[in-house]
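Residue numbers (the working numbering), protein chains in the order written: chain A, 1 to 233; chain B, 1001 to 1388; chain C, 2001 to 2224; chain D, 3001 to 3601.
Think of the hints as simulated: they come from the structure by calculation, not from any bench. Heads up, some of the hints might be wrong.
[As the list claims (entries may be wrong)] Far from chain B by the CB rule (all over 10 Å, computed), these chain D residues:
id: 1; residue: 3237
id: 2; residue: 3360
id: 3; residue: 3503
[Said to hold, decoys possible] Some but not every residue of chain C turned toward chain D, in silico, with C-beta under 8 Å:
id: 4; residue: 2046
id: 5; residue: 2047
id: 6; residue: 2078
id: 7; residue: 2084
id: 8; residue: 2085
id: 9; residue: 2090
id: 10; residue: 2097
id: 11; residue: 2099
id: 12; residue: 2111
id: 13; residue: 2139
id: 14; residue: 2142
Ideal Cβ positions, reconstructed from N, Cα and C, are used throughout, including at glycine.
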Amino acid sequence: MASIQADPHGAHPPAEDLSRPYHERYHAAHHFKSRDHEFDSVKMGVWLFLGTEILLFSGMFVAYAIFRMMHPEAFIAGSGKLSVGWGLLNTIVLLLSSYTVAAAVRHAQTNNQKWLRINVLLTFFAGLAFLLIKFVFEYWPKYSEGKLPGKFYSYPYSTSEYEPLWWAIYWGATSIHASHVIIGMGLFAWIWLRARKQHFGPGHYNAVEGVGLYWHIVDIVWIFLFPLLYLIH
Amino acid sequence: MMHDALSSSAFGSLSLGLAGFHEWTKSLFFFSTGASSQATHTENLFMYIMWINIVSFVALMGLIFYFIAKYHRGKQSENYQVSVQHNTPLELAWSIIPLIIMVPIFYYGFTGYLDKLSAPADAEEIMVSGQKWNWTFSYRNGAQPRGDQVMLTKSNYPVPQFIVPAGRPVKLIMSSKDVIHAFYIPDFRTKMDVIPNRYTSMWFFPQPLSEQDKSKGGRLHTVFCAEYCGDYHSEMAAQMKVVSIPEFEATIKQWTDYNPVDDLLKVGSMVYTAKGCNSCHSISGDKNTGPTWKNMFGDTHEYTNGESGKLVDENWLRENILYSQKRIMKGYPTSMPNYVGQLTPLEVDALIWYIKSLSDKTKPADLEGGKKTVKQYKEEAKSKGSSN
Amino acid sequence: MSHETNSHDGHAHGHVIVSLFTLRTILALLLFFTLLTVGAALAEQWIASTFSVVIPQWINVAVAISIATVKTVLVVMFFMQLKYDSPMNTLIFVFTVLTAAFFLGFTALDLGGRNTLERFKAQYAIPGGTGLGGDNIPITTQARNKAIAAGTYDPHHDHHDHHGAQSITNAGYLQPKPEKGSDGNFSRPVKGVTIPGLPGYIAPKDNHGHDDKSEKSEKSPAGH
Amino acid sequence: MATIGDIHKSGLPHHGHAHGHDHHGSYLERKGGMIVTIWDWMTTVDHKKIGVMYLFAILFMFFLGGVAALVVRTELLQPNVATVAASGSVTYSGNLIGHAFGQGENIAKSNEFYNRAMTLHGVIMVFLVIVPSVPASLGNFLLPLMLGAKDVAFPRLNLASWYVYLLGSIFAIISIVQGGVDTGWTFYTPYSTTTDAAYYNVVWMVTAAFILGFSSIFTGLNFVVTVHKLRAPGMGWFDMPLFVWGIYGAAIIQVLATPVIGITLLLLIFERLFHIGIFDPRMGGDPVLFQHFFWFYSHPVVYVMILPGMAVINEMIATGARKPIFGYRAVAFSTLAIAGISFIVWGHHLFTSEGEVAAVVFSALTFLVAIPSAVKVFNWISTLYKGSISMATWNLYALAFLWLFTIGGLTGLFLGSLAVDLHLHDTYFVVAHFHYVMMGGTIIAFIGAIHFWWPKMFGKMYNEFWARIAFFLVFIGFNATFFPQFVMGSQGMPRRYANYVDVFQPYHFASTIGSYILALGFFLHLFVFLHSLAAGRKAGPNPWGSLTLEWTNASSPPIEHNFDHEPVVTHGPYDYDNVIPPQTAPGEFVLPKPAAVAIKH
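Work out the full structure: start from the sequences and follow the hints.
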């Protein structure tokens, strides 16, 4: 992610007026014509990157669909063993964080530095809350009960022979998603550190925009995972 | 075909020429022709595409060479001329004409494919199972090939020979025990993958035997494994023998059991290859996937579960064949399946005698029991059963 | 190429600032749809169990997927600002989704129906692969056996830990998969063919030779 | 229409001018001592340096993969013959390489050795050579130059992709050093998840392929944005050189298809390490699902390989014939058509394992891809008409590409046709087919393109005479290696066989001898290149008389920021009918004066 961002320092650091905030004296990288030119290019790059993310997750969705068609009873049995309540809470947490990130972009655009920082921080903690709920109330109980993929499955009360396969899909999809949440939190920490130094403002908010778009895609993946894993039976 | 052409008198010589030429070109690409009805269809489609290819290739390359000869830079100045940069009708033509040419290629490929897949209801069904690295066959009466093993390559790896009836549709129902294999009969121009968790099938109609075939006792075809499956992938073959229907019926009846006059040692050597023991255990002393059987009897071994020092005797062998997952010899993978339920008592005993006979520690006198015939063995078993 | 020298040109074209009101409205809609999808799933279960009707699975799937799609469109258009953005980015997004759809569609075209088509062959189908070692006991059964051996198995355990209602409704949803080897949906009579030499669902019976297998045409598999 | 004067105004660096650089040095210029220079190269974000580093890495990997190929061919020179002595002991002969490595006495070991060499060849050639070949090396170097840009859109991402490529190579080499894998480059399950070949080697190798995927994604993403956003003023979509179109099409596929191999290989790693069961039929998984996953990436990636190959052919044919590419738009659109269709034909790799419905649908779709490919070939041949055809090594390679790719493409018709494919699937026919396309297409184009742009990249000319000798060795060796494989395949020789029945021996023998000639040709090329670097004559900015921006507006080698002034495009990339290309070749490539130019103004 981070490396998609074009060189924030530009080719030649400006000599003039270091008292002005960074985002005001920011120069586009030398091979771009203007900051807008750079902004558009970066945004297009981020969208292409989001495309690769969608297709990465599409592998899990295809596996889900195919195995669901092959072993519907295993998926019904497995789905019944998930907790809709925690899933719902996590969905709400992620939706809220999506809002805060959209608001953060808006505050960067309007040069509202305080609320930019607050919203970035809120998003970070929403990610943390998501992971806490996931690990404490979902992963840990399932791990200790032996509802694990394939070879590690040791839960004695299965109702379907292929239930381990369901758990493979569940753990696979949610863990890849959770790793994206962790990466996103790292990016937000980085954004927050830079926001404190007033790096972002109306003239330059590529990074906030890019990381925000990434976070929305992580949210969208969960928007699909939630009903597919928890609600469909 | 040649004799068809001869029979038509009017265009005899012309069609002989064409048909002969056709057969000759086919012989460049195929070893035999017409082993089954589908094979002929595939060959003709192949040659149709081949001629399209040859004509297009010669035309295109001819143009290139012509242009090179005419416009090469050595004589540039008088040749270089401004020419059109595009020509829509021409470009449309060379987009659409190939498309039209390809329609029959697709269509006949499609019909030929369906023909290779959908077997007639009265087909003779043979179950085929692939495993690393052996094919096993099973006929409708439960018979399994008990014929002689054959060597197709020169690498001293025997492969099974199985029979199919000539002039009757044959359907193979195939499944794999471990990894993906593919059952490939080059002479019949067909193959199908053999997959672990599902059944695949293919069928063919072996042409009736010619007089020449009959004099040889049948027609032989080679079967290869065409999906990469490991160390012995290139040795995983089989030989298919096309025999007359009466002979087929008689043979599979005979194959339901071992020949009553064979002794147990012979049966053991047959089981060794028929059940695929040979794919892991050598009898020459070479280490393979599994330990060699040479000198195994009467020796001691170490096992991964810590056991050691036990002298290999008959009971030990019996237990380790039937419940092979119980203990694994040190230095070998755990890949040997349990054979309980898959070997008859006769086969187990025969195997034990066979392994015994491979050891230097066995005195010839100890092998007397192995000389028992199948008939004697069965009678003994019957009397034991009734006494119980 | 000369460097841009002006401090900034404010909000150039393409930089649309979405109002907080819009963002909050979208958030409210998203939360509403989230509750709706959970509600729909629960309502469906309730209907199925209360009125003892069988609701086809696809309705459940279609409702959930449709709501998720609406939510996605909201996020993409407003939070991700595709509505105001360069059409190129929309094109990228649409093409990506289209590619994923092809991926799913063609794979499902092949694999989606194959198991049902060939279910009649299930009796003989051998699950290959060696992930579990030599024995062929399903891993779920192994887990149960282990628990029984350890004395931790509770025979009255509620199989459906979290959804109380589901144990009732499942019966309606589920077209139970025929036991392996039952002739329920066999399209033709089984000939007395077993595949000797194949491990798997053939009951391990030690003392049968091949000769008497042909008589036992309906061999029952090991029913774990 | 532009005139000669226009070009000079737009800033063609003259011979003298290029070397009289005031403050802009060549990008190859040393920055200081050895350590400073190495550090400068390691941390560079200059697309040209990254391209050059890629070029040498890829050529090194090509060497490794080529050695593996020679091992494979040598092993197949004769079938294995077992001799059983009276004592019962067995000795094997015929497996030459097996003997050389002390594995000749045991057929299983010898076969396994072959399988590893075969896998090594496949993995290296696909993931480390052909996929990055043209885009990562020449694409990186040339794309900004052709577009008139100073760099690619995201220079640091570009550097990251190079390091990711290195990391992936290191993983692959770790696997090789530990003994390699015997899965085949396709990693088919359940074989790859259960093979007893050293347990973690498979994981190393699959991880290598996984990492290399990211390198591919980064490169593709960078190129797409570069093409969209960084074209020089005056350069519309249809003023771009067709090279850019080809790279653009390939980049789209890289971005859209590579993530799927990412998730596939990730699942494969999980399956191998933890047995999660997704591809394990014993736990309800499905090995054929893996094939769908794998080919959803690996078929489109075939076009990632061939589209850049076709891309460089456009440039070489146009310059070589000194003609506008016939039907520019048709060629450009066929590139996009190939990229699009590539996503919906992957099932033709599964004709023997997938269901009937899918097979028929995929077969029908497969034939569609033949149309744009055929259109390209027709257009190239028409471009030669009334041209002035150069016999320089690079143009010989372009013409050889037409020969080889036509064979490769036409033989694809056999494989797309279902009934015939059931016979030919997984035989040497397939091997020959994809070598004619992948090697005869991409690698031949790549080698030709290196000759073509060599003066631009390094500012040196190569020895034309010896390069042509090497070309003929390669061309003859290639056909001798792979043509017999078509015949062998239709006669029933399955692929990936370490051993074979005797009847195939003449073909294997011919094929192996051919591969030696091929290797000889490549080594000769290597010496020609090394000689050029050491003692080649200085090259002018435009030795071949081409009209694209990198030749007309940049010196050889280009300066660090590519252009003195931002180029303004005043003529099309192939506007030979109206513009006399400025040409600085020292002697042998004198260009004619087109009558048309005189007429037009």
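Of the hints given before, which are not true for this structure?
2, 3, 4, 5, 6, 7, 8, 9, 10 and 14
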